[in-house]
Amino acid sequence: GAVVSQHPSWVICKSGTSVKIECRSLDFQATTMFWYRQFPKQSLMLMATSNEGSKATYEQGVEKDKFLINHASLTLSTLTVTSAHPEDSSFYICSATGTWDIQYFGAGTRLSVL
Amino acid sequence: GEDVEQSLFLSVREGDSSVINCTYTDSSSTYLYWYKQEPGAGLQLLTYIFSNMDMKQDQRLTVLLNKKDKHLSLRIADTQTGDSAIYFCAEAEQAGTALIFGKGTTLSVSS
Chain X
17 GAVVSQHPSW VICKSGTSVK IECRSLDFQA TTMFWYRQFP KQSLMLMATS
67 NEGSKATYEQ GVEKDKFLIN HASLTLSTLT VTSAHPEDSS FYICSATGTW
117 DIQYFGAGTR LSVL
Chain P
10 GEDVEQSLFL SVREGDSSVI NCTYTDSSST YLYWYKQEPG AGLQLLTYIF
60 SNMDMKQDQR LTVLLNKKDK HLSLRIADTQ TGDSAIYFCA EAEQAGTALI
110 FGKGTTLSVS S
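Protein sequences appear in the order of chains X and P.
Per the numbering used here, residue 17 is the first one in the first sequence, and the count goes up by one each step.
Per the numbering used here, residue 10 is the first one in the second sequence, and the count goes up by one each step.
By construction, these hints were calculated from the structure, which means they are not laboratory data.
Owing to the predicted nature of the structure, the values given are computational and were not obtained by experimental measurement.
Hints should not be assumed to be uniformly reliable.
[To be verified] Under 7 angstroms between C-beta atoms, here's a sample of chain X residues computed to sit facing chain P:
{"id": "1", "residue": "Phe44"}
{"id": "2", "residue": "Leu92"}
{"id": "3", "residue": "Ser105"}
[As the list claims (entries may be wrong)] Straight line, CA to CA, 20 angstroms or less: simulated PhoX-like cross-link-like pairs of lysine-lysine:
{"id": "4", "chain 1": "P", "residue 1": "Lys77", "chain 2": "X", "residue 2": "Lys57"}
{"id": "5", "chain 1": "P", "residue 1": "Lys65", "chain 2": "P", "residue 2": "Lys45"}
{"id": "6", "chain 1": "X", "residue 1": "Lys57", "chain 2": "P", "residue 2": "Lys76"}
{"id": "7", "chain 1": "P", "residue 1": "Lys65", "chain 2": "P", "residue 2": "Lys76"}
{"id": "8", "chain 1": "P", "residue 1": "Lys79", "chain 2": "P", "residue 2": "Lys65"}
{"id": "9", "chain 1": "P", "residue 1": "Lys77", "chain 2": "P", "residue 2": "Lys65"}
Here a beta-carbon is modelled for each residue, glycine too, at the ideal position from N, C-alpha and C.
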């Protein structure tokens, strides 16, 4: 149990295009999901907290118009990187809060912007 | 702000025990976690401990928590080459809130 699926696992896109990343809790409902970003050989940095049915809460320094988050259901949150640029290339990981409020992570999405 | 510190590297021989240490600054941390990340993969929850516990053991894994010193450790008994990965310590002040991660400890296991 407590499986979080993230899709796609790897995406390459051209500069200026938008990319959507999905995060699904497969066997539990999650009112709260989190989006993290990880640079090579570095730790995870929280980008935003995604709440079902309401607006996401963004961390300081994260552009909400660039990183659009939608949490339309109790099992799905999406992160859309709009007008992607090479500096947005990174590893994006989502997590969902399950039983006992334990956070379970997706496998991550590697975004490469050319 | 809250901070989580870990040593960056640990190298052990197969069959030995590994001990990865972590310190945190937030005295109100309630939940403390250990995650494992293999190259190019997401984070796998290894174990967690609540602040009202001192120790938790789960098969080869033993977590020790010293709240006074704000020190958390993960011991892996009989370390195997498959244990080679990056281990992240993380803490949360409240249930269901975002985690604050350390920089990760790279564990290298040689045969």
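Hints and how they fare:
1. Phe44: 13 angstroms, violated
2. Leu92: 17 angstroms, violated
3. Ser105: 14 angstroms, violated
4. Lys77/P / Lys57/X: Outside the cut-off at roughly 30 angstroms; violated.
5. Lys65/P / Lys45/P: 17 angstroms, holds
6. Lys57/X / Lys76/P: Given pair Lys57/X, Lys76/P is violated - Cα atoms ~29 angstroms apart, limit 20 angstroms.
7. Lys65/P / Lys76/P: Within the cut-off at roughly 14 angstroms; holds.
8. Lys79/P / Lys65/P: 16 angstroms, holds
9. Lys77/P / Lys65/P: 17 angstroms, holds
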